[in-house]
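Colleague: Dock chain B against the given chain A, drawing on the hints supplied.
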Amino acid sequence: MQIEVKNAPSPPLPRCRGRGSRFGLSLLFAKRRSLASPLPRSGGGTGRGLWVAALLATLITPAHAYKAYVSNEKGNSITVLDTEKLEATATVKVGRRPRGIALNKDGSELYICAGDDDAIQVLDTKTLKITGKLPSGPDPELLALSPDGDVIYVSNENDNLVTLIDVKKKEMIGDIPVGVEPEGMAISPDGKLLVNTSETTNMAHLIDTQSKQIVANILVDARPRFAEFKKDGSELWVSSEVGGTVAIIDPVKRELKQKIAFDIPAMSKEAIQPIGISFTRDGKRAFVALGPANRVAVIDAQTKRIEKYLFVGQRVWHLAFTPDEKYLLTANGVSNDVSVIDVASLKVVKSIPVGAFPWGVVVAPQ
Amino acid sequence: MKSLVAAFCFMLFAAPVAAETVNVKVGVLRETHARETLSILDIPAADDTLAGALMGAADNNTTGKFTNQTFEAIDARLEDGDDGDDVVAALDALLDKGALFIIADLSAERLLAASERAKSKGAVLFNISATDDRLREADCRANVIHVAPTRSMLADGLAQYLIWKQWRRWLLIKGSHPKDEFLAQAFRNSAKKFGAKIVEERVYEDTGGGRRSDSGSVQTQRQIPVLTQNAPAYDVLVAADESDVFGGYLPYRTWDPRPVAGSGGLMPTSWDPSHEQWGALQLQNRFTKTFRRLMNARDNAAWLAMRMVGEAATRTGSNDPEKLRLYLLGDDFSIAAFKGVRLTLRPWNQQLRQPILLSDGRMIVSVSPQEGFLHQTSELDTLGVDQPESKCKLK
Chain A
778 MQIEVKNAPS
788 PPLPRCRGRG
798 SRFGLSLLFA
808 KRRSLASPLP
818 RSGGGTGRGL
828 WVAALLATLI
838 TPAHAYKAYV
848 SNEKGNSITV
858 LDTEKLEATA
868 TVKVGRRPRG
878 IALNKDGSEL
888 YICAGDDDAI
898 QVLDTKTLKI
908 TGKLPSGPDP
918 ELLALSPDGD
928 VIYVSNENDN
938 LVTLIDVKKK
948 EMIGDIPVGV
958 EPEGMAISPD
968 GKLLVNTSET
978 TNMAHLIDTQ
988 SKQIVANILV
998 DARPRFAEFK
1008 KDGSELWVSS
1018 EVGGTVAIID
1028 PVKRELKQKI
1038 AFDIPAMSKE
1048 AIQPIGISFT
1058 RDGKRAFVAL
1068 GPANRVAVID
1078 AQTKRIEKYL
1088 FVGQRVWHLA
1098 FTPDEKYLLT
1108 ANGVSNDVSV
1118 IDVASLKVVK
1128 SIPVGAFPWG
1138 VVVAPQ
Chain B
-9 MKSLVAAFCF
1 MLFAAPVAAE
11 TVNVKVGVLR
21 ETHARETLSI
31 LDIPAADDTL
41 AGALMGAADN
51 NTTGKFTNQT
61 FEAIDARLED
71 GDDGDDVVAA
81 LDALLDKGAL
91 FIIADLSAER
101 LLAASERAKS
111 KGAVLFNISA
121 TDDRLREADC
131 RANVIHVAPT
141 RSMLADGLAQ
151 YLIWKQWRRW
161 LLIKGSHPKD
171 EFLAQAFRNS
181 AKKFGAKIVE
191 ERVYEDTGGG
201 RRSDSGSVQT
211 QRQIPVLTQN
221 APAYDVLVAA
231 DESDVFGGYL
241 PYRTWDPRPV
251 AGSGGLMPTS
261 WDPSHEQWGA
271 LQLQNRFTKT
281 FRRLMNARDN
291 AAWLAMRMVG
301 EAATRTGSND
311 PEKLRLYLLG
321 DDFSIAAFKG
331 VRLTLRPWNQ
341 QLRQPILLSD
351 GRMIVSVSPQ
361 EGFLHQTSEL
371 DTLGVDQPES
381 KCKLK
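The listed protein sequences derive, respectively, from chains A and B.
Just so we're aligned, residue 778 is where the first sequence starts under my numbering, counting upward by one.
Just so we're aligned, residue -9 is where the second sequence starts under my numbering, counting upward by one.
The calculated DSS-like cross-link candidates involving lysine-lysine, where the alpha carbons are at most 30 angstroms apart (straight line), are:
#1 A:K910 x B:K279
#2 A:K989 x B:K55
#3 A:K1046 x B:K383
#4 A:K1034 x B:K313
Derived from the structure by calculation, the hints contain no laboratory data.
So here's chain A without its partners, still in its complex pose:
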């Protein structure tokens, strides 16, 4: 059911210091430099009217209460959110510099890459207590879980390796040499193909999980940071933060099909830095976080046409759907909040304050 939010006032003007308004000197530049840019939104700026409207909307269609987890890179904490009330319910102190997070299959355990502790911590999601850690190698940043939940694949940036960890035995069971500064990790829905992106080599390394051998290396644009398969495994999308594009790869033919570039009027190309990618389950739509552009791009995943840009908080990193796909949550690093996107109406309905420098976000399956 689609809820129309009517009579909602438009979001207030951003409160951040305006481009060109603070200094007399901007007049100096006005002659040859465009000043017609929309202002980047400062933190927490969803309009109150919208918020009320959203609350009304929630009253009409009660959302399922899921638990979402947000890693706070500088807060050294995980914020737990209730997706019905759209508010934080708990904050858990964890290891240093938590970034990549992933839940196990039934949502009972959260795996946290605590980069500065050189470990993956395990959080019991019932008790909210750290129950142990997995040996990850130095500076783990992102991880992927095999579909059966038995193996964690983690990128070790310092060693140019992907490390394999047996979850039950809590031990390393192998590593695979990849390019310089491995980062993005994704696994195909059938578990057969692992993808790692290397930030300085600028490649997506396709790895056969059986043989643990690289089967293809695909050049993408500068600083590839994140990879995501469509739910049916038909496409692999890789975001290049510095290159400013998303590469679409055919995982069967193992070749690059297309690149998506973003063009936001009056915004410098350098500020558009794609990071997190999320697909709807039906594979029809993709959402791409654009970092310091403070927007999430909505893309028709079939035609690859960009439908819309949604204003969210500042420096948006990663994204996660609620399992019913009613909401998409975005972790906004600089504004210390999570924006809640109503997926049906494609509107940002709320921003939830979390810890310092939120980075990763996941939602429990039930």
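Modeller: The following block gives chain B in isolation, referenced to the frame of chain A:
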């Protein structure tokens, strides 16, 4: 038509994997930098510049495993008393070894001599340390790519922040060497460009002598207040001291309690060992682990030059200098250098666009361009001489 489009896309996107191994040789032609620095932390190591090139080559070789390319850094170090002839001889030796890419850590005059010599062999030079604007303007050369920022970029980067802070009244103190005047002129230009006022200029005479003593601070503490007293009202002292004679002495010693910027205090630079944002910590860690010291701006520029060669070689599948140079100048090139944005070349003078870090020697205080300084092409072009003002005619 469809197949044509498909073929075109393939050319653009497919990783060109050469059947035979492509070997890319990169010479590192470097001066010996003065050990006379105000702070002992700045005394250059024996592998200054070279270490950055070696790490860049190691990074490129990791990528090269997948593309069948190898990269090699060949060192050629000039001694203190070497003259122009020695530069040419050292360059010839590199060219003879097949190094057609030269990472040049040379002063302006030597760089121009090397550029002239490299022409006949079709070699490309990467200037990683000379900040002279003239090398990108009247004296620009088609076979020189500039990785180091110019004085005007550094000065503009600092000026934007001072304006953001509303510190508009500057007391300018420059050293007595010619290059100090170049830097002072860059600060004057920046002040004019961004609306600051230089309330007075003073000169600090270099009377020669060493930097080391067992009780230096006793005298310095008395000299600097004298140098800075009776100044008109000012917000910030801006120092132009490229010879490292007095800039570092200024903070905390001025007659009036004022912040210091420029060649002391808050310093604009292309790289600093304290820079950690945008993944820079990874690069710092890798460097420290390998070379047991911190990465300075020259090391970083040499690493970046090597990465630019690597990136161009990977994308083109070639080691032909002209082919790689054209790729670097084209729309497809951009490189990640841990500065938060992609870096590209200004095609009109082959200068690398880049943010400028503002460091107090311990921390990165800010990174320019500052918010609110806009430009129709790239906000990075608010730093330094822009295309409409450029005097460069590449040849």
